[in-house]
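> One letter stands for each residue in the lines below.
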Amino acid sequence: MKMDIGVVLDASSPAGTTRDATALARLAEKRGLDLVVIAGNEAAGQPAGLDVWTAAAWLAGATSRIGIGVAVAAPSSPDPTDPEAPYPSVVTKAQGSLDIMAEGRIISDPAGWVVAPRDAKPEELATLAGAGLPVVVPVDSSEDIERLAALVAGPDGGSAARRRPAAARARRLPTIDYDGLPASLAETAIEPGDPGYRAVSATYLRGGAPGVVLRPRTPAEASDAVEFARRHRHLPLGIRSAGHGISGRSTNQGGLVIDVSAMNTIEVLDPDRRLVRIGPGATWKQIAAALTPYGWALGSGDYGGVGVGGLATAAGIGLLSRSHGLTIDHLRSVDLVLADGRQVRASRDDNPELFWAVRGAGANFGIATSFEFEVDEVGEVGWAQLVLLSTDIEESLRRYGEFASTAPRDTTVFLVTGQPRQGVSSIQLYAVVDSPDPDTVVERLTPFLELGTLTRQHVVMTPYSGVMSNAADIGPDGHQGFGEPHSRSAFLPALTADFARDAAAMLRSGAVYFFELRAMGGAIADPPPDEASFTHRAPAFQLTAMAGNNQRLNAVWEPLRPHFDGLYLSFETDLNPKRLLDAFPAPVLERLRDLKRRYDPDNLFRDNFNIDPKLTTPTAKEAIA
Amino acid sequence: MTDYGHDLLFGTFVTPVAQQARQVVELAVTADRAGLDLVTFQDHPYQASFLDTSTLLAFAAGRTERIHLSANVTSLPLRPPAVLARASASLDLLSGGRFELGIGAGAFWDGIAAMGGRRLTAAQGVTALREGIEIIRELWDTTTPGGVRYDGQYYSVKGAKRGPRPAHDIPIWVGAYKPKMLALTGSIADGWLPTIEYLPSGADSLPELNARIDTAAHDAGRDPAAVRRLMNFMKVQFSTTPSGLLNGPPEAWVDQIADLALTHGISAFIIGGDDPTITERFASEVAPAVRAIVERERTGVA
Chain A
1 MKMDIGVVLD ASSPAGTTRD ATALARLAEK RGLDLVVIAG NEAAGQPAGL
51 DVWTAAAWLA GATSRIGIGV AVAAPSSPDP TDPEAPYPSV VTKAQGSLDI
101 MAEGRIISDP AGWVVAPRDA KPEELATLAG AGLPVVVPVD SSEDIERLAA
151 LVAGPDGGSA ARRRPAAARA RRLPTIDYDG LPASLAETAI EPGDPGYRAV
201 SATYLRGGAP GVVLRPRTPA EASDAVEFAR RHRHLPLGIR SAGHGISGRS
251 TNQGGLVIDV SAMNTIEVLD PDRRLVRIGP GATWKQIAAA LTPYGWALGS
301 GDYGGVGVGG LATAAGIGLL SRSHGLTIDH LRSVDLVLAD GRQVRASRDD
351 NPELFWAVRG AGANFGIATS FEFEVDEVGE VGWAQLVLLS TDIEESLRRY
401 GEFASTAPRD TTVFLVTGQP RQGVSSIQLY AVVDSPDPDT VVERLTPFLE
451 LGTLTRQHVV MTPYSGVMSN AADIGPDGHQ GFGEPHSRSA FLPALTADFA
501 RDAAAMLRSG AVYFFELRAM GGAIADPPPD EASFTHRAPA FQLTAMAGNN
551 QRLNAVWEPL RPHFDGLYLS FETDLNPKRL LDAFPAPVLE RLRDLKRRYD
601 PDNLFRDNFN IDPKLTTPTA KEAIA
Chain B
1 MTDYGHDLLF GTFVTPVAQQ ARQVVELAVT ADRAGLDLVT FQDHPYQASF
51 LDTSTLLAFA AGRTERIHLS ANVTSLPLRP PAVLARASAS LDLLSGGRFE
101 LGIGAGAFWD GIAAMGGRRL TAAQGVTALR EGIEIIRELW DTTTPGGVRY
151 DGQYYSVKGA KRGPRPAHDI PIWVGAYKPK MLALTGSIAD GWLPTIEYLP
201 SGADSLPELN ARIDTAAHDA GRDPAAVRRL MNFMKVQFST TPSGLLNGPP
251 EAWVDQIADL ALTHGISAFI IGGDDPTITE RFASEVAPAV RAIVERERTG
301 VA
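Sequence lines, in order, name chains A and B.
So the first sequence is residues 1 to 625, counted in UniProt numbering.
So the second sequence is residues 1 to 302, counted in UniProt numbering.
Keep in mind that a hint or two might mislead.
The calculated SDA-like cross-link candidates involving lysine to any residue, where the alpha carbons are at most 25 Å apart (straight line), are [as the list claims (entries may be wrong)]:
(1) A:LYS30 <-> B:ARG63
(2) A:LYS578 <-> A:ASN603
(3) B:LYS161 <-> A:ASP79
(4) A:LYS30 <-> B:LYS158
(5) B:LYS158 <-> A:GLU590
(6) B:LYS161 <-> A:ALA39
(7) B:LYS161 <-> A:SER12
(8) B:LYS161 <-> B:GLY146
(9) A:LYS30 <-> B:ARG33
(10) B:LYS161 <-> A:ALA71
(11) B:LYS161 <-> A:ASN603
(12) B:LYS161 <-> A:ALA85
(13) B:LYS161 <-> A:PRO75
(14) B:LYS180 <-> B:PRO276
(15) B:LYS180 <-> B:GLU138
(16) B:LYS161 <-> A:PRO80
(17) B:LYS158 <-> A:PRO78
(18) A:LYS614 <-> A:GLU590
Hints were generated in silico from the structure; no laboratory data involved.
Make the full structure from the sequences, and use the hints.
So this is what it looks like as structure tokens:
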């Protein structure tokens, strides 16, 4: 058995040992020991020693690998008149800060180690290590450390298998069976104490602190991950492809995340049929770039940083949708890991019911590990980003609705705005005109210039990859989201004058900082409604509104409801079960629930618009009541 | 012409953004390697997106070798003076005398109250700071026998353990703008650490503000030169054409800084910007040239 061994340094005698403390900690690190505990000595009659917290932070900075142990005294209640009483809020903040800077090397609870006697023999250390905690031995000199290092080095010189340092293991949650991770996943899994943890804990719009992030690289590993998740059914389970989910909560507190970003290959299967196979972790920016050399494109949403897995199992209402349809309309087959760990294919021929379900409610049925799409021939398109200022947002919205819905289907225009400032709204238009002819592009865009005073314009002829390329790549620090996003989503059968009036009032309220209208129609409406479990093919627009405060958002959103018919689940954060019937009309929901009972009877996949297999679908009337 | 004759110090002012902890520490390492004298961090414990400055100072000190470090400036209302004294002395010992103590009476009282701190008026804050500084110096004094007893209006303690004693006489630099704070600075502080952008008329305010400190020093029986004059410059930029203070080519920076040193007695120049390139150019293209000019003026004709 490999044990963790460390040293205890005495902070009580500053004059003699402070410079030594640093040298001793560095030596312990060099000799492969696991932990340095810095201990104070409050003995009466002696001058005060080093402040142990300061010493711990200093040692963490002065070393790079070894764990640092420091017993943080629980601060007393704050007393501003007592110059010796630290503020609990500041102490807590200090601990959080050192965790960040030392990247999980700190153990600040004395229950996290066992102190052995100075002269402990190897057998004694081994016995103490039986508790699974690091064993630390008080030392005064470099000779002490050399002796200890020699004791524990052993004949094999350490094992090659990945073993987390004691400080990292101290952060494990009791609710998760970390040691039970199959070897295939253990190698790439990230735990709270791992250096890379911060980079995987947040998503694009959401903060989180998952208990473990599993990162399968193959369908078999994804199956192992599902198996592991089944043993942790009591914990939240998020499925993440690129971390842009809003309804799909791909991070959580203390739960599991299965991150499929490593499965991100893009390969052409059949050039004649334009059939491509794409992993769920690929981003739309990568896909667009890979397809451009063939003169092809696959429509997605409006941002290249989004991953395939979430979008291609919901719908995919994007900037090519009016000309080429939804992303799911290009899906020919999908490989899934089901809740029981089985790997299955769903297509028109294989598991057709599952294929229907996955195209709209995929998050309820499994983890997609591979998609096959038939993509479109798309040459250069006109790509416009315009900013217009409007003093009458109601009129601008109304006219946008008219132009965007009556434009030829080669033209897809999205509108984004927020709160008017001093009565002036800044309107951003994102438009793709699927035509290689610049004159046509200009002709299609010209009506939209009436929405306000044009203050910025960027119009280019580009392959679709140029439309997706502005997305930032995820850097080594990962996503930076924090807190919870608050977002509402709806479909508009038509953008009426009454809607424009009510939407303008909502914008003027200041509650909503992000408001987007996506034009639909065109090729979206071509397939029959029962083609897929996503059935909202008739609406003219999809609306999203985001706010900092959920209550305020509800208050301003509610008056708009009469204008809506259903919602696109991907942009909705409301967890009210009634929203299910907005996402799926009752007969569709009933069919999905039947399938859920068949494919996920224990409701493992419940993170994103969960269809509970144990409930019955209420009638529309019941849902409203 | 005012020149208090201190050695010149050049340093940086780094924003302690928690989301960019690695870059924050790296900025301190860059300043250290570039040969600057000082790296400082603002201290706003109620600012949720910031790291804890005391902890950051200790960690960054452990990562660096020669540079001195200070908060810029410590928010006394959330840093009880005895706790602050011990943390400061400890870091000074561990770092071999590289810690300095910038301190202020506190601002952003809503934030301070939200963290559990005590809300004071500006005038009360000045008195509390005076008491705090006295307590800090008492704690550092390990030669006086017995514990520290202090019975102030805002702080009181009955027999606190002394020590640890710092490795060097840690100077206390006060962030001060208003007359009462300037008077306190002149009477008991080792340095004055304001930000030029916050002075009512920028550099033109310096004669009056310096005079207030000088007067207070005289009144306390001190040599005004006992109070080093430091200065933060938040908005700095190297550019080809000069357009304002520390916004221009390096030669313009050199002239402006040398002038502040020789005309107004400023002897420490601390720049913001959080930019490693600016840090390196400040160290290599500005600091040596300023030192040469000031050296020449001090030893030469003048």
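> Each hint should be assessed against the structure and marked as holding or not.
Outcome of the hint check:
For the proposed pair LYS30 (chain A) and ARG63 (chain B), the alpha carbon gap of about 16 Å is at most 25 Å, so the pair holds. For the suggested pair LYS578 (chain A) and ASN603 (chain A), the alpha carbons sit about 18 Å apart, so the restraint of at most 25 Å is met. A C-alpha spacing of about 18 Å is found between LYS161 (chain B) and ASP79 (chain A), which places the hinted pair at or below 25 Å, so the restraint holds. With a CA separation close to 45 Å, the supplied pair LYS30 (chain A) and LYS158 (chain B) exceeds the 25 Å bound.
Only pairs whose Cα atoms come within 25 Å are accepted, and LYS158 (chain B) paired with GLU590 (chain A) is rejected, the gap being roughly 74 Å. For a cut-off of 25 Å, the pair hint linking LYS161 (chain B) to ALA39 (chain A) stands: about 18 Å separates their Cα positions. At most 25 Å may separate the alpha-carbon atoms for a hinted pair to count; LYS161 (chain B) and SER12 (chain A) meet this at roughly 13 Å. As the CA atoms of LYS161 (chain B) and GLY146 (chain B) are separated by approximately 8 Å, the hinted pair is consistent with the 25 Å bound.
Proximity of LYS30 (chain A) to ARG33 (chain B) is assessed by CA-CA distance (about 24 Å); at most 25 Å being required, the pair is judged to hold. Between LYS161 (chain B) and ALA71 (chain A) the alpha-carbon distance is near 20 Å, which keeps this suggested pair within the 25 Å criterion. Only pairs whose Cα atoms come within 25 Å are accepted, and LYS161 (chain B) paired with ASN603 (chain A) is rejected, the gap being roughly 61 Å. Of the pairs offered as hints, the one joining LYS161 (chain B) and ALA85 (chain A) holds, with about 13 Å between alpha carbons and a cut-off of 25 Å not exceeded.
Taking the CA atoms of LYS161 (chain B) and PRO75 (chain A), the gap is near 18 Å; set against the 25 Å cutoff, the hint holds. Distance hint between LYS180 (chain B) and PRO276 (chain B) is unfulfilled; the C-alpha atoms sit about 37 Å from each other, more than 25 Å. Taking the CA atoms of LYS180 (chain B) and GLU138 (chain B), the gap is near 23 Å; set against the 25 Å cutoff, the hint holds. The hinted pair formed by LYS161 (chain B) and PRO80 (chain A) meets the criterion: a straight-line CA distance of about 19 Å does not exceed 25 Å.
About 17 Å separates the Cα atoms of LYS158 (chain B) and PRO78 (chain A), which keeps this hinted pair within 25 Å; it holds. At roughly 12 Å between alpha-carbon atoms, LYS614 (chain A) and GLU590 (chain A) fall within 25 Å of each other, so this suggested pair holds.
Comparing the model with each earlier hint shows violations of hints 4, 5, 11, 14; every other hint is respected.
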